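There are 2 protein chains.
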Amino acid sequence: MTLYLIGMGISGIRGISIEGLETAKACDKVYLETYTSPLEVDLNEVEKLLGKKVRKLSREELENADKIINESKELNIAILTPGDPLIATTHFSIVLDAVKRGIQVKVIHSASIHSAAIGESGLHAYKFGKMVTLAKLGDYPPFSVYETILDNKKRGLHTLVLLQQDLESGEIIYPDEAIKILLNLEKEQNKGVFKENDIVIILSRVGYDDCLKLAGKAVFVMNRIKRLKLCPAVIIIPGELHFTEREALKTYWIEER
Amino acid sequence: MTLYLIGMGISGIRGISIEGLETAKACDKVYLETYTSPLEVDLNEVEKLLGKKVRKLSREELENADKIINESKELNIAILTPGDPLIATTHFSIVLDAVKRGIQVKVIHSASIHSAAIGESGLHAYKFGKMVTLAKLGDYPPFSVYETILDNKKRGLHTLVLLQQDLESGEIIYPDEAIKILLNLEKEQNKGVFKENDIVIILSRVGYDDCLKLAGKAVFVMNRIKRLKLCPAVIIIPGELHFTEREALKTYWIEER
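From first to last, the protein sequence lines are chains A and B.
Here my numbering is used: the first residue of the first sequence is 138, the next is one more, and so on.
Here my numbering is used: the first residue of the second sequence is 138, the next is one more, and so on.
You may find that some hints are simply not true.
The list makes no distinction among identical chains, and a pair is therefore deemed to hold if it is satisfied within one copy or across any two copies.
Unchecked claim - In silico BS3-like cross-links for lysine-lysine, where the CA-CA straight-line distance does not exceed 25 Å: (1) 162 - 185; (2) 328 - 264; (3) 291 - 264; (4) 162 - 204; (5) 291 - 328; (6) 366 - 162; (7) 193 - 204.
If you are wondering where the hints come from, they were derived from the structure by calculation, not from laboratory data.
Source: prediction; values computed, not measured.
For reference, chain A alone in the conformation it holds in the complex (with noise of 0.2 Å):
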């Protein structure tokens, strides 16, 4: 039998494709992940378009997947994920493990916010450097971002940051505090990568109708987004500026008011 893993894209079910839609509903057993994403996912609204039972799965299931695997070797398993699966390690880590006893694995590709927001964001695609995550260190701050950005940024190359926001532990870095974190890091840093006045774009909720773009100097960008809780949102520091892209970050500029 199958285990699948299927991709529900970047905006709750309704981004699954028609491939992934029909294979979920032909397998004897679905299990819903949610936990490699702050999407939201309702899992009654999944029931109804798959017109079946589907399991949500605990981060413990998902982290020792045994039990689904075993289960393949009988049945056809979907396992349904947020975004584009396999970007996350740890569903490589279930088809490393199903692999590994035998199973036939077979993945059905979604939008991922790694493509998205590059696209969105109107910069191409070819000049992202290396991605980052900017996650909650305690007191420590994150120097290994602040260094991909200056690395990237002597190349010419953008920096697609995307912020760790963990719906369930509460561990959430919005967009204006990401910057704030950022800025605080080049006070004491003072290498030039992001001051001020240096230029920052936000894309948040991309694929939802309230999805909202902004670019802008980083302080204005900041000012405006503060208290609004953006999530899921990611931000990019972009490198040098190709005239077509500069064009493209006027559809969605800010300035100070």
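Fit chain B to the known structure of chain A by using the hints.
Chain B alone, transformed into the frame defined by chain A:
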């Protein structure tokens, strides 16, 4: 009215999302764009799924989208695109022109080879550097591709190499040719970027039932896929490998035979 750009994902029309399908069905007019990717999309299958007439755009209509943009003033228009819309710069030009004329644009995202290839490889997404496209340049060797791989490798980062695979013009680079081109450049430049015993990953037809993934020494992989004319396909040149990444590569590793 609204101009919708709707992604079809990476394996024909069945990669479209539920939201994308419903939106396209409700639009007054639907266009199909197939020029920004080597995916084959069957117009009849698209029309059958949507239950309506769909018109294939010529390359000229895509690049000078005035007519379609004007239509969007009066009608809800959908353009179905391969992959995730906006990753091709042509798509963002359409958005720019439309926004300038006060037309509302909405993008419905879908799978992109960008994230799908990274996921399928089992390599960690945040360890990829700048990506590149290897294109036919006549007799001129692709120095910039070579230099990008060098730059990524110096920092331990992986490189996703997209291949020019333009079915219409016949300008196609198959993955075995791509490996050969890079090995030849290495012989000439001798900077230790990509040698016969270095690891390469090829990913062909990701999302299709005949998907082929191979990892191994460059010379073995090249010989194994010679004359297979794999399309669409991408290659990945890994940088430093984490042990979990090595584990992942083992699931599709090949040796000489």
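A quick look at each hint next to the structure:
For the identical chains of this complex, residue 162 and residue 185 are neighbours both inside a copy (11 Å) and across copies (21 Å), given an alpha-carbon limit of 25 Å. Taking the shortest alpha-carbon separations for residue 328 and residue 264, both the intra-copy value of 22 Å and the inter-copy value of 23 Å come in at or below 25 Å. In this assembly of identical chains, residue 291 and residue 264 lie within 25 Å of each other by CA distance both inside one copy and across copies; the values are 12 Å within and 18 Å between. Taking the shortest Cα distances, residue 162 and residue 204 sit within 25 Å of each other inside one copy (21 Å), while across copies they are farther apart (40 Å).
For a Cα distance limit of 25 Å, the shortest separation of residue 291 from residue 328 qualifies both inside one copy, at 11 Å, and across copies, at 22 Å. Neither within a single protomer nor between protomers do residue 366 and residue 162 lie at most 25 Å apart by alpha-carbon distance, with minima of 36 Å and 35 Å respectively. Proximity of residue 193 to residue 204 under the C-alpha cut-off of 25 Å is restricted to the intra-copy arrangement: shortest distance 14 Å within a copy versus 47 Å between copies.
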